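Trainee: Reassemble the complex: the two chains are provided individually, in unrelated frames, and hints are given to aid placement.
Chains A and B, in that order, give the protein sequences. So for the first sequence, this note's numbering puts the first residue at 1; every next one is plus one. So for the second sequence, this note's numbering puts the first residue at 271; every next one is plus one.
Derived from the structure by calculation, the hints contain no laboratory data. Fair warning: there could be bad hints in the mix.
Claimed, not checked - Just some of the chain A residues that point at chain B, by a computed CB distance under 10 angstroms:
(1) 207
(2) 237
(3) 242
Claimed, not checked - Only pairs whose alpha carbons sit at most 20 angstroms apart, straight line, appear in this in silico DMTMM-like list of lysine to aspartate or glutamate:
(4) B/344 - A/165
(5) B/344 - A/31
(6) A/108 - A/165
(7) B/344 - A/89
(8) B/445 - B/382
(9) A/33 - B/351
(10) B/565 - B/472
(11) B/344 - A/217
(12) A/212 - B/353
(13) B/285 - B/432
(14) A/33 - B/554
Just so you know, these numbers come straight off a predicted model, no measurement behind them. Glycine is no exception: its CB is placed at the ideal position from the N, C-alpha and C atoms.
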Amino acid sequence: MNDVFLPHVARIVEVWDDTPDTKTFTLSLRDSKDFRFLPGQFLEVSVFGYGEAPFCIASSPTRPDTLQATVRRTGQLTDALHELGNGDEVGIRGPFGNGFDVEGARGKDLLFVGGGIGLPPLRSFIWNVLYERDHFGKVTILYGARTPTDLVYKDELKAWAKRSDVEFHVTVDRAEPGWTGNVGMVPVLFEKTALRPDSTLAYVCGPPIMIKFVVQDLFVRGFKDEAVISTLERMMQCGIGKCNHCAIGHRYVCRDGPVFNYKQIRELVE
Amino acid sequence: MQPIVYTIEKPDIAKWLERLLETAEVIAPVAGYSGEVVFSAISSPAQVLWDFENPLHPAKQFVLPQTDPIVAIKRNGQRHEVEPIYDDSRRVLFNVRSCDVKGIAFLTRMQEMEPADGSYLRRAYSLTVISLTCNTPCPLGFCVCTDSGPFLNGDYDIQLTDLGGKYLAEVGSEKGEAAVSNAANLFRTATEGEVSLRKRLETAARNRFGQETCHFASAMRRISTGRVQDALWEKISDWCLECGGCSLICPTCYCFSVRDRARDGNWIRYRIWDSCQYTAFTLEASGHNPHEQRKDRIKRRFFHKVSAQYYMRDGTVGCVGCGRCIKVCLGTADMPAVVAAIRKGKWHE
Numbered sequence: 001m002n003d004v005f006l007p008h009v010a011r012i013v014e015v016w017d018d019t020p021d022t023k024t025f026t027l028s029l030r031d032s033k034d035f036r037f038l039p040g041q042f043l044e045v046s047v048f049g050y051g052e053a054p055f056c057i058a059s060s061p062t063r064p065d066t067l068q069a070t071v072r073r074t075g076q077l078t079d080a081l082h083e084l085g086n087g088d089e090v091g092i093r094g095p096f097g098n099g100f101d102v103e104g105a106r107g108k109d110l111l112f113v114g115g116g117i118g119l120p121p122l123r124s125f126i127w128n129v130l131y132e133r134d135h136f137g138k139v140t141i142l143y144g145a146r147t148p149t150d151l152v153y154k155d156e157l158k159a160w161a162k163r164s165d166v167e168f169h170v171t172v173d174r175a176e177p178g179w180t181g182n183v184g185m186v187p188v189l190f191e192k193t194a195l196r197p198d199s200t201l202a203y204v205c206g207p208p209i210m211i212k213f214v215v216q217d218l219f220v221r222g223f224k225d226e227a228v229i230s231t232l233e234r235m236m237q238c239g240i241g242k243c244n245h246c247a248i249g250h251r252y253v254c255r256d257g258p259v260f261n262y263k264q265i266r267e268l269v270e
Numbered sequence: 271m272q273p274i275v276y277t278i279e280k281p282d283i284a285k286w287l288e289r290l291l292e293t294a295e296v297i298a299p300v301a302g303y304s305g306e307v308v309f310s311a312i313s314s315p316a317q318v319l320w321d322f323e324n325p326l327h328p329a330k331q332f333v334l335p336q337t338d339p340i341v342a343i344k345r346n347g348q349r350h351e352v353e354p355i356y357d358d359s360r361r362v363l364f365n366v367r368s369c370d371v372k373g374i375a376f377l378t379r380m381q382e383m384e385p386a387d388g389s390y391l392r393r394a395y396s397l398t399v400i401s402l403t404c405n406t407p408c409p410l411g412f413c414v415c416t417d418s419g420p421f422l423n424g425d426y427d428i429q430l431t432d433l434g435g436k437y438l439a440e441v442g443s444e445k446g447e448a449a450v451s452n453a454a455n456l457f458r459t460a461t462e463g464e465v466s467l468r469k470r471l472e473t474a475a476r477n478r479f480g481q482e483t484c485h486f487a488s489a490m491r492r493i494s495t496g497r498v499q500d501a502l503w504e505k506i507s508d509w510c511l512e513c514g515g516c517s518l519i520c521p522t523c524y525c526f527s528v529r530d531r532a533r534d535g536n537w538i539r540y541r542i543w544d545s546c547q548y549t550a551f552t553l554e555a556s557g558h559n560p561h562e563q564r565k566d567r568i569k570r571r572f573f574h575k576v577s578a579q580y581y582m583r584d585g586t587v588g589c590v591g592c593g594r595c596i597k598v599c600l601g602t603a604d605m606p607a608v609v610a611a612i613r614k615g616k617w618h619e
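The following block holds chain B by itself, in its conformation from the complex (with noise of 0.2 angstroms):
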């Protein structure tokens, strides 16, 4: 849709976040119990944090949350009843960072081909995403490097920019109409010089990235053509101690497991996360595992996330640059650390 640009005025704010408390949950970053950020339902506009540090834990819980519930299974005696369970009730997530747009929109994308997976699509289809960009990269990001901020031009339903005593407010969807038009005494079209204003904010944030420099590309080339030495992977696993906690809050990792778990006499069937670093990953019953070895996992991951070959179906490379497995990561397997590996083919010693 043609993208339709307003300016709402910091304290209208609270009144617009009131409005769509009234129909829809709302969640933000907000304090957490230990003073760490965290993405959380709010039951207050107050809630809501402006400056802050992106949660370590990404937004993609709200659309395919680490435990899923995807079937019931009822039973009565010999006899059972399978039902699929839906969950299309209306969220909005707001004040999300460019990246974890970014990587909503890239689950999405996984979770249309088909078979399309209607569990997933009902939910993400009826999320609205609000989002906040970055005038300020922060200090582990390289968003830029993959194309998913500071600022976008797409993939948000509303994209707010801080103009100083404002915020601009960039439609993107329908749904992002749906959640102005629910508060369009407090919008105005924006002008001329609020949208230009915008475009210098997004030059100063890019430039900010500083040196950044980005070797995905060099990075692909390598790994999609098996020019990476089996010695690398290994000296790359050296550093890994097979937590899982890089696909965990990964914004782009979407990789599960199935189990039924009982309740009242019935079970559910959920949709749990589960990772590639993980050894049984890819164990079979027969006690084959072709990724025993941890430097095959960590080759896998990176497989996925950026060969040429899943470039090419999924259109990005599997990362939003959101700098959270470098947090995670107790060791130094990390997105920018392994890309630089790949592409001087050494890894720091």
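Next up, chain A with everything else stripped away, as it sits in the complex (with noise of 0.2 angstroms):
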């Protein structure tokens, strides 16, 4: 018998800024280090006092010494996490959920598409596949936010710009002053990349209504249904299938999924 719901305390070892209303927090096991996961995953994180939430791991399982969320200020226990810093705690449950399958994805060409606060767990899986590059094919990044405020990992994106191994292109839909980049919703940047639809993995991750033009745009563009796989967004309480509130028909998106391709999403009912 297990203790389901017991967390491990985790310390924050880190904090940075993503935009006004988004931080990324570095956490580190405090009493083991042995925590192992797949891109895709997901923690449950307690803020003590507070309860707990479902947060993505951003950072990728080839590090796994610290565990990295980014995080939206949207209620009550985000808010009191956002008060957090170095060397407070909390507690972490999990990894639950399936997550992407990176063996699967070996040899293959991989397009991620992004979308605001939904490059997180995708972030996760193109650095597994940067830190082991020769194993994948061509590997092409397509990320959009509302704004140039609303992008995350602002430093990272430079950095992937710059790689002659990766493709890379951002949008946003509104520009900024400053802004001399592309302007437009995420799938404006099919027109600026080659793809190549039979030996190419979609990840598609964002807002629900992004989600739907881009999912679009791939099966026009002759992507099967096979190749197109998102993360599915439900409220999640236990991780583990038995609370009930991230149900679709009889599949729960924590145990499940949340990671589904397009033909395992068809076949939901509800």
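Mentor: Next comes the structure, spelled out in structure tokens:
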């Protein structure tokens, strides 16, 4: 019998601001170091006194010593989390969910399409790929946000743009003074790159409306259902398929997901 | 285990209860403050009711309390220590009805699914369930439709049947055997005649459900294949006031949320009952809510309870036919009404 609700205590070892309402927290387990996970899996983070909420792991599994979570302020728990800093403690349970199939992606071309705060789960996968670059084909990253201010990981975006082994494009819905890059919704970036639907796996993460348009575009451009992979968003509480908040039909986003390809998504009945 | 069947004379029941009270908390249906029947811990055998209306609140509260402490969080400056909270104290649930026995068995199966929930299971495994069969069906019950009464073939530790001057006691588990051997001198092995009387009583009780017809199978076919019109869900949902009462009194409902509450400068983390009928149940941090409309939440509730997808996973429908939702629903969105509407494809007007 497991103590399925008992969190591990973790220390915050670094915090940085991504946007005015988004911070990235770097966590280190206080009492045990053995923590293996896959990109796309998530944690239940306890802010003691406030309860728990799910956040995807934004850091690479090839660097398991620390875990990162990128968190937007949207309510009591995230408000309280944003007040915490270096040395403060939180609880974590997990990792939960199926995660991205990294092994199955080896040798393939990879297309990552992120929108706004949807980049963190892809970032985990992207760094996994970049640390083991030789094992993967062409890597393309397309990223969009509402404004330049809303872009997360701004320094890393610059680094990705400079790399010769990654094709990277970024766009914003609305420019701000000083922005000289692309303007428009994420699908405009498809015009900037040569897609190879037959050899490519596309990973799409972002707000529902962005996912809808990106996915439509990918199908028009010849992607098959199985090659378009996304993470589903649901309110999740327990992380282990028991509390029923995240159920879609008889599937649970926290256990059977959150990563699904579009063939699987079409089979979800509700 | 091989069922062992005993009898106990009615005057000896009080002595047996005294013995049980020596080593465990005994919970039984008793008369509440305003005359209603409730499950409560007893201090004397005389409190136990034998001819009673099934309490509105099912016995699930003794395996899955409404606020269930699961983790103690202690803080010392910046440092925190977390400990699991267990409740494995010995309890006996006495004179519980067949439907509630099935409800507890259902909840336990859910929590035994991997990863098993040790917090729930420690409490459930410490509970001895002594049930009382229903020689007379209750007015709203339809347990014959859900294979959860009026008599059971398993899932109890001891099943009592009123044979007139005595009770038949069928032992269904080692916990049940222990509860009998605790007072072995009060029990004697049942005769064949007594066992066959119990069978006749069961048949008679089943027949007294009268013209009760069970439509779960046809409702299941429609609900599992998406053949229930949205307009019908909409009509059903017009008769739901979103009070969540159906979930709270349902012996098989176990949805929950987790909250921290301050206590003495530290915190206790609680698992608390929640209901899929509340708007915020699926509300995401972004503001997006996949079940914002009431008809989607009603659909969710009945998909979970009646669909073939869940039936395949759980082995039963998520209903024990106790009829409590009929009683508690302020409208008419109860299980029999919805099942009938789905089967007919139209709502009663």
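Trainee: Look at each hint and say if it fits the structure.
Mentor: Now the hints, each set against the structure:
1. 207: Holds: closest Cβ of chain B sits about 7 angstroms from residue 207 of chain A, inside 10 angstroms.
2. 237: For residue 237 of chain A, the interface hint holds, since the closest Cβ of chain B sits about 6 angstroms away, which is under 10 angstroms.
3. 242: Result: holds, 6 angstroms to nearest chain B Cβ.
4. B/344 - A/165: With Cα atoms ~49 angstroms apart, residue 344 of chain B and residue 165 of chain A exceed 20 angstroms; violated.
5. B/344 - A/31: holds, 16 angstroms
6. A/108 - A/165: holds, 14 angstroms
7. B/344 - A/89: holds, 12 angstroms
8. B/445 - B/382: With a Cα-Cα distance of about 18 angstroms, the restraint between residue 445 of chain B and residue 382 of chain B holds, given a limit of 20 angstroms.
9. A/33 - B/351: Cα-Cα ~17 angstroms, so holds.
10. B/565 - B/472: violated, 39 angstroms
11. B/344 - A/217: At roughly 51 angstroms apart (the allowed maximum being 20 angstroms), residue 217 of chain A and residue 344 of chain B break the hint.
12. A/212 - B/353: Violated. Residue 212 of chain A to residue 353 of chain B sits at ~43 angstroms, over the 20 angstroms cutoff.
13. B/285 - B/432: holds, 17 angstroms
14. A/33 - B/554: Roughly 31 angstroms between the alpha carbons, so the hint for residue 33 of chain A and residue 554 of chain B is violated.
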